[in-house]
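Heads up: take any position in the sequence shown, counting from 1, add 97, and you land on this note's numbering.
Misleading hints may appear alongside valid ones.
[As the list claims (entries may be wrong)] Here are the simulated EDC-like cross-link-like pairs (lysine to aspartate or glutamate), alpha carbons at most 20 Å apart as the crow flies:
#1 186 x 169
#2 186 x 147
#3 179 x 365
#4 179 x 147
#5 122 x 169
#6 122 x 267
#7 179 x 120
#8 179 x 169
#9 179 x 189
#10 186 x 151
The hints are simulated quantities; they were obtained by calculation from the structure and are not laboratory data.
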Amino acid sequence: MRIALVLGSGGARGYAHIGVIDELKARGHEIVAIAGTSMGAVIGGLEAADGLADFSQWAQSLTYFSMLRQMDVTLTGAGMVKADRIIEKINEFCGNARIEDLSIPFTAVATDITAYREVWFQRGPLASAIRASMALPGFITPVVMNDHILVDGGVYNPVPVAPTFAVPSDLTVAVSLGGRPGMAEPSVSNADAADVSDDAGRLSDGGIGPLRREVFRELAARFSGPRSSAVSGTESDSAAADSSVRSAATGSKPSAIESAEMTLSTSDVLHMSLTAMQEMIERFRAAATPV
98 MRIALVLGSG
108 GARGYAHIGV
118 IDELKARGHE
128 IVAIAGTSMG
138 AVIGGLEAAD
148 GLADFSQWAQ
158 SLTYFSMLRQ
168 MDVTLTGAGM
178 VKADRIIEKI
188 NEFCGNARIE
198 DLSIPFTAVA
208 TDITAYREVW
218 FQRGPLASAI
228 RASMALPGFI
238 TPVVMNDHIL
248 VDGGVYNPVP
258 VAPTFAVPSD
268 LTVAVSLGGR
278 PGMAEPSVSN
288 ADAADVSDDA
298 GRLSDGGIGP
308 LRREVFRELA
318 ARFSGPRSSA
328 VSGTESDSAA
338 ADSSVRSAAT
348 GSKPSAIESA
358 EMTLSTSDVL
368 HMSLTAMQEM
378 IERFRAAATP
388 V
C-alpha cells in the first residue's frame, strides 16, 4: 500500500517513529509522503533523506556523557540549549539535502509565535526546517526568519495530517506520542498486512472511494501551498507574513534560520507560545460552538 506518514511531536519518545517506519517497510508498504512536527520532523526528514538508518545506529551508540556533549548549553539565549551541534550532526546524515530534492515529499511544521500561525517547510535546507520545528519553548532556543520567531510545531499542530493531503495515497498513518502507557490496547495483536490491504481495497471500490476522491480534490487544492490556511489577522497580513518567512526558509544555506538571541528571555518565549496556543484553542472552540 501507498502510505502517507504523519509523525507527531513528543521529545525522546519520538524514537518510536523509527520502529513504525521499520515495521511499515517490513510489511512491504511504500511511504509516499511524510509530515512531521518536532521529533517527528527529525525522524521523518532523515527517512526522506535516506539517512535514518545511519542516524539510528549513531543514536544507539550514544552514552550518557556523549549525549551531554551534544548539548550546547547557553546562558544568554531564549532557552537553555542552542541545538547547533545536534543539527550539524543531523545535517551530516541528511547530506546537506534540500527538501524539494528529497525522494519522498516532506513537510516540517513549525509555529510562528509572532503571527499566531503554523508554518509548513516544503522547500529549502532540510536541516534548517528541522531546527525550526524542534525549537521546544523554554528548552531549545527559537529561530528567527525575517523578524518572525519560530518555535516547536507542536505548539499549534502536534500531529500534522493536512500537509499530506496533496499526495495521493491508499492510507494515512498518523503516529501520536501523547498517549499514556497502559491506556490503550490494540484491538488486533498481530494484524496481517495482506488482510489490511484487501479490506482497504474493498472499501475504496465501494462507497468510500468516490467520496474520498472528491474530498481529495478539494483538499489538494486547498493545502497544496507551502503553509497552513489557518492564519489569524487579515488576508493581506497573512500573505505578507508567509512571503517573509518563505523567502528566508528557501535560502541556499542552513544559516537562513538563525538562533534567536535578540532581547528575548526564556519567559518571553514561553509567554508568547502559550498566548499563541490559547489563540488557536479559542478559534477552534468558537468554530465548534458558533453564536
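Results for each hint:
Straight-line distance between C-alpha atoms of residue 186 and residue 169 comes to about 13 Å, which keeps the hinted pair within the 20 Å bound. Between the alpha carbons of residue 186 and residue 147 the distance comes to roughly 14 Å, so the proposed pair stays at or under 20 Å and holds. In summary, the hint linking residue 179 to residue 365 is supported, as the alpha carbons are separated by about 16 Å, within the 20 Å threshold. Annotation: proposed proximity of residue 179 to residue 147 is violated, straight-line Cα distance about 25 Å (limit 20 Å).
Restraint check: the Cα-Cα separation between residue 122 and residue 169 comes to about 35 Å, which exceeds 20 Å; the hinted pair is violated. Between residue 122 and residue 267 the alpha-carbon distance is near 15 Å, which keeps this suggested pair within the 20 Å criterion. Proposed proximity of residue 179 and residue 120 is contradicted: the alpha carbons are some 33 Å apart, above 20 Å. Between the alpha carbons of residue 179 and residue 169 the distance comes to roughly 6 Å, so the proposed pair stays at or under 20 Å and holds.
Between residue 179 and residue 189 the alpha-carbon distance is near 18 Å, which keeps this suggested pair within the 20 Å criterion. Taking the CA atoms of residue 186 and residue 151, the gap is about 11 Å. The hint holds against a cut of 20 Å.
Hints 4, 5, 7 from the earlier list are contradicted by this structure; the remaining hints agree with it.
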